[in-house]
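**Student:** Each chain, letter by letter, is given below.
Number of protein chains: 2
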Amino acid sequence: MSTGLDRLSETLLMGPGPSCVPPAVYQALARPTIGHLDPRFLDIMAEVQHLLRQIMGTGNRLTLPISGTGSAGMETCFVNLVEPGDPVLILVNGVFGQRMTDVATRLRADVDTLEFPWGKPVVPDTVHQQLARKSYRLVAVVHAETSTGVCSPVAEIGGLVRQTEALYLVDTVTSLGGMPVAMDDWGCDVMYSGTQKCLSCPPGLSPVSFSERAVAKLTSRGTKVPNWYLDLTMIIKYWEGATRVYHHTAPINMIYGIWQTLQCIVAEGLENVFSRHRSAHERLVTGLADLGLDMLVDRDFRLPMLNAVNIPAGVDEAQVRKRLLANHDIEIGAGLGPLAGKVWRIGLMGHTARSHNVARLLAALRTELALPASK
Amino acid sequence: MSTGLDRLSETLLMGPGPSCVPPAVYQALARPTIGHLDPRFLDIMAEVQHLLRQIMGTGNRLTLPISGTGSAGMETCFVNLVEPGDPVLILVNGVFGQRMTDVATRLRADVDTLEFPWGKPVVPDTVHQQLARKSYRLVAVVHAETSTGVCSPVAEIGGLVRQTEALYLVDTVTSLGGMPVAMDDWGCDVMYSGTQKCLSCPPGLSPVSFSERAVAKLTSRGTKVPNWYLDLTMIIKYWEGATRVYHHTAPINMIYGIWQTLQCIVAEGLENVFSRHRSAHERLVTGLADLGLDMLVDRDFRLPMLNAVNIPAGVDEAQVRKRLLANHDIEIGAGLGPLAGKVWRIGLMGHTARSHNVARLLAALRTELALPASK
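Residue numbers (my numbering), protein chains in the order written: chain Z, 1 to 375; chain C, 1001 to 1375.
Pulled out of the complex, with its shape left as it was, chain Z reads as follows (with noise of 0.2 Å):
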């Protein structure tokens, strides 16, 4: 029987996620399946929360990854939080932004917007104005914007929101585990992140995190979390406590390999991971200058795992995209939403995040763009 698994060659992953994954965690994804009530499984549910502690730079108890992906992680963070009428205040500056609007209007929050040019970070002064403006419950940023690479400036709008009532919201997903997060440091009261980014493990999976005053939102709540599958109230059941009472049954290989790829990042060394990101980034912004390719985002402002380069004049991008993973197996990211057409985005992202990765990709993208060959 043919079961087309051929058609699955190792292809270089450098668009906005999924990014490369390590072999130790194929290998982990592939080992025996046990039950979610196995002591053993329960012993691995542990370990996977004291590390993505270490990685969110939490003490926070209530850590652990989300049975979905990223989106699933936005989702929960809002849907445990949030009481229809709630005033919310989300930063927007890319589609992660918008999608947060989304997803707090359907929950019938009281949704305000400041709204920034894509392409740049969020500005805390204006943040400060409308903090003085309107009290909020939540207020909401994406640390860094995957649809435009930008990072905004957390930490600092961290210490705007907490001087008000307001819990504060960050989006980890594209920064989580390739530059420093610091949860506690930005006082920040709800993260969520994901796994196929800076993390290295195939999409499935989001790590949330509550601090102990978000913790005490959800329990305060006047009504039940309209939505059973990401219930928090019930999934610390499961995650806690002596007596694990089953909620649903957890996606326990890709818990396996969430485990694996947490192991491999805290014995490379924080510090060591991002600084690979960061010069995986600089060969880049290099190698592109010398193509001719300029980014999108000012220095100051540049995610390391997430590059915007704005498209020549008179290039088919999609034909070069196309011709990179035909040619070269090789994935680059199209632009999104207003910048769709306009720019490439290039993920250099944990494990895909490597000197000889950005070289192959300049070199191909040398030939693809018919450019003559390096000197």
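Hints were generated in silico from the structure; no laboratory data involved. One thing to keep in mind: the hints can contain errors.
Straight-line Cα separation of at most 25 Å, DSS-like style, residue types lysine-lysine; simulated pairs [said to hold, decoys possible]:
(1) Z:224 with C:1322
(2) C:1342 with C:1120
(3) C:1237 with Z:322
(4) C:1237 with C:1224
(5) Z:120 with Z:342
(6) Z:237 with C:1322
(7) Z:342 with C:1120
(8) C:1224 with Z:237
Covered, in the sense of this in silico footprint (three residues per stretch, anywhere, with C-beta under 8 Å from a C-beta of chain C), are these stretches of chain Z [as the list claims (entries may be wrong)]:
(9) 61 to 73
(10) 235 to 244
(11) 361 to 370
Backbone N, C-alpha and C define an ideal beta-carbon position, used for all residues, glycine too.
Got chain Z sorted already, so can you dock chain C onto it with the hints?
**Tutor:** Frame of chain Z; chain C shown alone:
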């Protein structure tokens, strides 16, 4: 670095799920991750849809795996089809009927339930009388109640629901891939299942299917689906059509897993698979009787893949389960709700459903119950 992967020895999974996973599926999980918009991945998605339609017994175009475990599938069906105030009838004879009631109530539906004793099937006559009393938008039932091991007459109930305007929803989490499921023949409009039961893939995906009538209800909603992550109006734009609109990053490697396991099932032949489940079940019931153990459910309503066994007086049921796992690498399940402490749940699901596995369990049970060796 010790990763602790050695803790994960092969275990004979005879609980209520997860079930044993065939080697080919483990191998599929470990194949190289590719992008969620890679043309090779789009082909795999189409093949998964095609295979799911065969196994679910439907021609429904909208047939795909949701990126979450079985309960996410339940949530998907209700959140997409139920609007506040919609009259919904739920037929309850165990935990999963109760769970559907909770899910629908959180969505502010006008929920009525018909309750049947745990360990007994839903009675069509009772349903018929209720349908004559009130008009419903949706009627929901569990085909194979995992909490009790009971099979309900879903085809007969479908005939009754079809005489009304209601959509008909059937949970096949435990039955799919282990006994005949005939969505279209049953007059079923909405179905969800899970991967970790008779499909023998690790937990993490939930196949769902919607009939044209269900899609018509979905697309004529007066309100947005109040759950961004599970909003099928957006998810289908990624799964269908020439332009694939990114919604969330699909759980790539889990989809390799379901793709492989569906291929295995179709290659073995559905009739052969069902017959293997029935034989293992018959062997188990006979062997349990030899040990002096009897079944909770009357013969006519027993599921082949989930066997609720009455616990003999004087036996410490938790100790027996613990010893089966520690001394024999065999997992069986505890009772839930009113059946906690009263039954064991022995799963014969998918790859687990083989005579030699039944023999291994019976021998281990004989030892742990300290019965004399078999003649």
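**Student:** Which of the listed hints are not met by the structure?
**Tutor:** Violated: hints 1, 7, 8, 10 and 11.
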